[in-house]
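Novice: Let's have the full structure, built from the sequences with the hints guiding it.
Number of protein chains: 2
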Amino acid sequence: MRVAGLISGTSVDGIDVAVVDIDDKIQVVATKTVPYPTDVRDAILSVSDAANIARLNFLLGELFAEALQHTGVPLETVELIGSHGQTIFHEGQPVEFLGRKIASTMQIGEAAVIAARTGIETIADFRPSDMAAGGNGAPLVPFLDYQLFKHPERARVALNIGGIANITVIPANSRAEDVIAFDTGPGNMVMDALAPPYDGDGEGARAGRVHEVLLTKLLDDPYYHRPPPKSCGREQYGAEFIRTTGIDLATATELTVRTIASSIARYPETADVIVSGGGAHNRYMMERLRAALRPRITTSAEFGIDVDAKEAILFAVLAYQTYHRRPGNIPSATGARKPAILGKVSHI
Amino acid sequence: MRVAGLISGTSVDGIDVAVVDIDDKIQVVATKTVPYPTDVRDAILSVSDAANIARLNFLLGELFAEALQHTGVPLETVELIGSHGQTIFHEGQPVEFLGRKIASTMQIGEAAVIAARTGIETIADFRPSDMAAGGNGAPLVPFLDYQLFKHPERARVALNIGGIANITVIPANSRAEDVIAFDTGPGNMVMDALAPPYDGDGEGARAGRVHEVLLTKLLDDPYYHRPPPKSCGREQYGAEFIRTTGIDLATATELTVRTIASSIARYPETADVIVSGGGAHNRYMMERLRAALRPRITTSAEFGIDVDAKEAILFAVLAYQTYHRRPGNIPSATGARKPAILGKVSHI
Chain A
4 MRVAGLISGT SVDGIDVAVV DIDDKIQVVA TKTVPYPTDV RDAILSVSDA ANIARLNFLL
64 GELFAEALQH TGVPLETVEL IGSHGQTIFH EGQPVEFLGR KIASTMQIGE AAVIAARTGI
124 ETIADFRPSD MAAGGNGAPL VPFLDYQLFK HPERARVALN IGGIANITVI PANSRAEDVI
184 AFDTGPGNMV MDALAPPYDG DGEGARAGRV HEVLLTKLLD DPYYHRPPPK SCGREQYGAE
244 FIRTTGIDLA TATELTVRTI ASSIARYPET ADVIVSGGGA HNRYMMERLR AALRPRITTS
304 AEFGIDVDAK EAILFAVLAY QTYHRRPGNI PSATGARKPA ILGKVSHI
Chain B
4 MRVAGLISGT SVDGIDVAVV DIDDKIQVVA TKTVPYPTDV RDAILSVSDA ANIARLNFLL
64 GELFAEALQH TGVPLETVEL IGSHGQTIFH EGQPVEFLGR KIASTMQIGE AAVIAARTGI
124 ETIADFRPSD MAAGGNGAPL VPFLDYQLFK HPERARVALN IGGIANITVI PANSRAEDVI
184 AFDTGPGNMV MDALAPPYDG DGEGARAGRV HEVLLTKLLD DPYYHRPPPK SCGREQYGAE
244 FIRTTGIDLA TATELTVRTI ASSIARYPET ADVIVSGGGA HNRYMMERLR AALRPRITTS
304 AEFGIDVDAK EAILFAVLAY QTYHRRPGNI PSATGARKPA ILGKVSHI
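Protein sequences appear in the order of chains A and B. FYI, in my numbering the residues of the first sequence are 4 to 351. FYI, in my numbering the residues of the second sequence are 4 to 351.
Bear in mind the hints are in silico, worked out from the structure with no lab data behind them. It cannot be assumed that every hint is accurate.
Any copy, or any two copies together, can satisfy a pair, since identical chains are not distinguished.
In silico DSS-like cross-links for lysine-lysine, where the CA-CA straight-line distance does not exceed 27 Å [as the list claims (entries may be wrong)]:
1. Lys-28 <-> Lys-153
2. Lys-35 <-> Lys-233
3. Lys-341 <-> Lys-28
4. Lys-341 <-> Lys-220
5. Lys-104 <-> Lys-28
6. Lys-233 <-> Lys-104
7. Lys-341 <-> Lys-104
8. Lys-233 <-> Lys-341
9. Lys-220 <-> Lys-153
10. Lys-233 <-> Lys-153
11. Lys-104 <-> Lys-220
12. Lys-35 <-> Lys-341
13. Lys-233 <-> Lys-28
14. Lys-220 <-> Lys-28
15. Lys-220 <-> Lys-233
16. Lys-104 <-> Lys-153
Quick caveat, the model's predicted, so the values are computed rather than measured.
Specialist: Encoded structure:
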């Protein structure tokens, strides 16, 4: 077997490469040292906070392993773990960095620790493989939506209302590559910020009054009128948004409802809208969605999927795909050039 | 197949767990949300410099993939890559962190990028699995030393003179678990700092004069008299060491030679000392080692191993082990409780 080895040592001089043929003995085919560009070396040597991130990575590995044990499911019955980890940075679109265009992401929660503590093969770090194929590393949930909700005759939309709301559009009798997915706009995050901890059942919004002039102005945002693919960041609907618009709870709820409804209206053949995420608990918002949308509205619970657990289920399913050496991204959703096997496998 | 999925979302509330049974369909067995302790949540939200580290991680992935191509070996002949990456933090011994004892390490150089650019399955992140098994995550090189140099009748010592010098003691006719490995003390790093870029062939040291009083005092350091396992950090022989001792080039060379010689003298049955690392190029130091040591002295080049390429070769060999689901650490060297399959596999 011909195997290449790569390392840069603690002196941070450059990359040592060796190519060897391995059978009973080790035969060196080629060696090479490639110095780092000076600006790269300087950037590596000036990294800060690596200690804190490294320690958190190992600590979260312990906590993730313990969280699995809190389910009460006997570990010896679990054959595989898929762990997304905790995102501490995500930049799906490339930026200029030391003379190159670099997109990047970072999730922590050390998979080697999860595997060692549970004794179960663990797959983690799902987003980088999609990004290495030119994708945004997100959204990944359309893969699960497609598996769960595809139907030979009914066109469906999976709607997840988390901090941001997003939809996966699954045409009737479609292939995975026909799926469209994008962020519709705010989900719960403006409401959560206005009514902490959060206006769970929406009664606060029901008691309020929609500020129609403000709402009309907000709906003018070109984002809502642009065709997909598109995604919006959490920063778009943060404290700055609340301060500059002076938005109230009832108007925030209506903004979420109207931007979801107009996004789904782009797909008039839709027969079912299947809701998940924290927003599915908001009775008032669900009523408003039913009033604003023509298709049948239900929740993922009808399909046996707890509305709060869809993302955790997703990473179990993506791990299953990787275990079988099958792709887990949907290029039409992430923008990747091609399907990719996602994640990294820690064997036991 | 029963698979668990784990995620903590961008709201950093806690860990969502789902356990599902997957065959033709997806059956949810259990779900649970485990909130983060407040101090952990605060620590995650206060991480800094993650953007810089994430971007460097992806950039180094590109550079590592390109470095392999610089060897001129046709990529289509390479079946597997083992990449150590660039260490930006290593703390092999646990420290108190948010109420737990945590050992940690961090290597960057995104393996998903290396795999995507080369089209070759890539294994990376070798140290965490040893640490998850209670080891220091280092040294890993004894595994290669044992494979290369074990002998039915001759006891051998592999001596690597990098910034720090370390030895792997391989008794005649030994098993892997009989191997002993430890840092002997400074290698080239004091010399390098005194004669930048470095006193490659040792002529500067040869022309100088050893300060015997200082040398005797330095050799009194209890570290050199302590039995293994033991390891010393780069910080021990840095600018502070040079400033407080006033050490010169000839004395620094002799300190390296004498601490190596006394370490090897602990193993009087040693028949061969096999040198690798940058120090093997230092003619004067090699002469001094020959004078100070009884065993035959040679370099790894006699075994077909370029003295500068041993670590890169190591990670090719460790990847080969992992590919075959075999352990790659030597617990007696790293302090791990047991052998572990090292690294994480990025499939293509």
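Novice: Within a copy, between copies, both or neither: which one fits Lys-341 and Lys-104 at a CA-CA cutoff of 27 Å?
Specialist: within (19 Å within a copy, 42 Å between copies)
Novice: With identical chains treated as interchangeable, where does the CA-CA distance between Lys-233 and Lys-341 reach 27 Å or less: within a copy, between copies, both, or neither?
Specialist: within (18 Å within a copy, 49 Å between copies)
Novice: Cα distance capped at 27 Å. Does Lys-220 pair with Lys-28 within a copy, between copies, both, or neither?
Specialist: neither (72 Å within a copy, 45 Å between copies)
Novice: Given identical chains, is Lys-104 near Lys-220, meaning Cα to Cα at most 27 Å, within a copy, between copies, both, or neither?
Specialist: neither (36 Å within a copy, 54 Å between copies)
Novice: My question is about Lys-220 and Lys-233: at a cut-off of 27 Å on alpha-carbon distance, are they close within one copy, between copies, both, or neither?
Specialist: So Lys-220 and Lys-233 pass the 27 Å test inside one copy only (21 Å; across, 68 Å).
Novice: For Lys-35 and Lys-233, with the copy left unspecified, which applies at a CA distance of at most 27 Å: within, between, both, or neither?
Specialist: neither (43 Å within a copy, 31 Å between copies)
Novice: Please work out whether the CA atoms of Lys-233 and Lys-104 approach to 27 Å or closer within one copy, between two copies, in both situations, or in neither?
Specialist: For Lys-233 and Lys-104, the Cα distance is within 27 Å only inside one copy (20 Å; across copies 43 Å).
Novice: Tell me, please, which holds for Lys-220 and Lys-153 at an alpha-carbon limit of 27 Å: within, between, both or neither?
Specialist: neither (36 Å within a copy, 77 Å between copies)
Novice: Using 27 Å as the alpha carbon limit, work out where Lys-104 and Lys-153 are close: within a copy, between copies, both or neither.
Specialist: Answer is neither: 36 Å inside a copy and 47 Å across each miss the 27 Å cutoff.
Novice: Could you figure out if Lys-233 and Lys-28 sit no more than 27 Å apart (CA to CA) within one copy, between two copies, both or neither?
Specialist: neither (53 Å within a copy, 30 Å between copies)
Novice: With identical chains, the pair Lys-28 and Lys-153 could be close in the same copy or across copies; at 27 Å between alpha carbons, which is it: within, between, both, or neither?
Specialist: between (52 Å within a copy, 12 Å between copies)
Novice: First find the shortest C-alpha distance between Lys-233 and Lys-153 inside one copy, then the shortest across copies, and answer within, between, both or neither for a cut-off of 27 Å.
Specialist: So Lys-233 and Lys-153 pass the 27 Å test inside one copy only (22 Å; across, 59 Å).
Checked against the numbered hints given earlier, this structure breaks hints 2, 4, 5, 9, 11, 12, 13, 14, 16; the rest are met.
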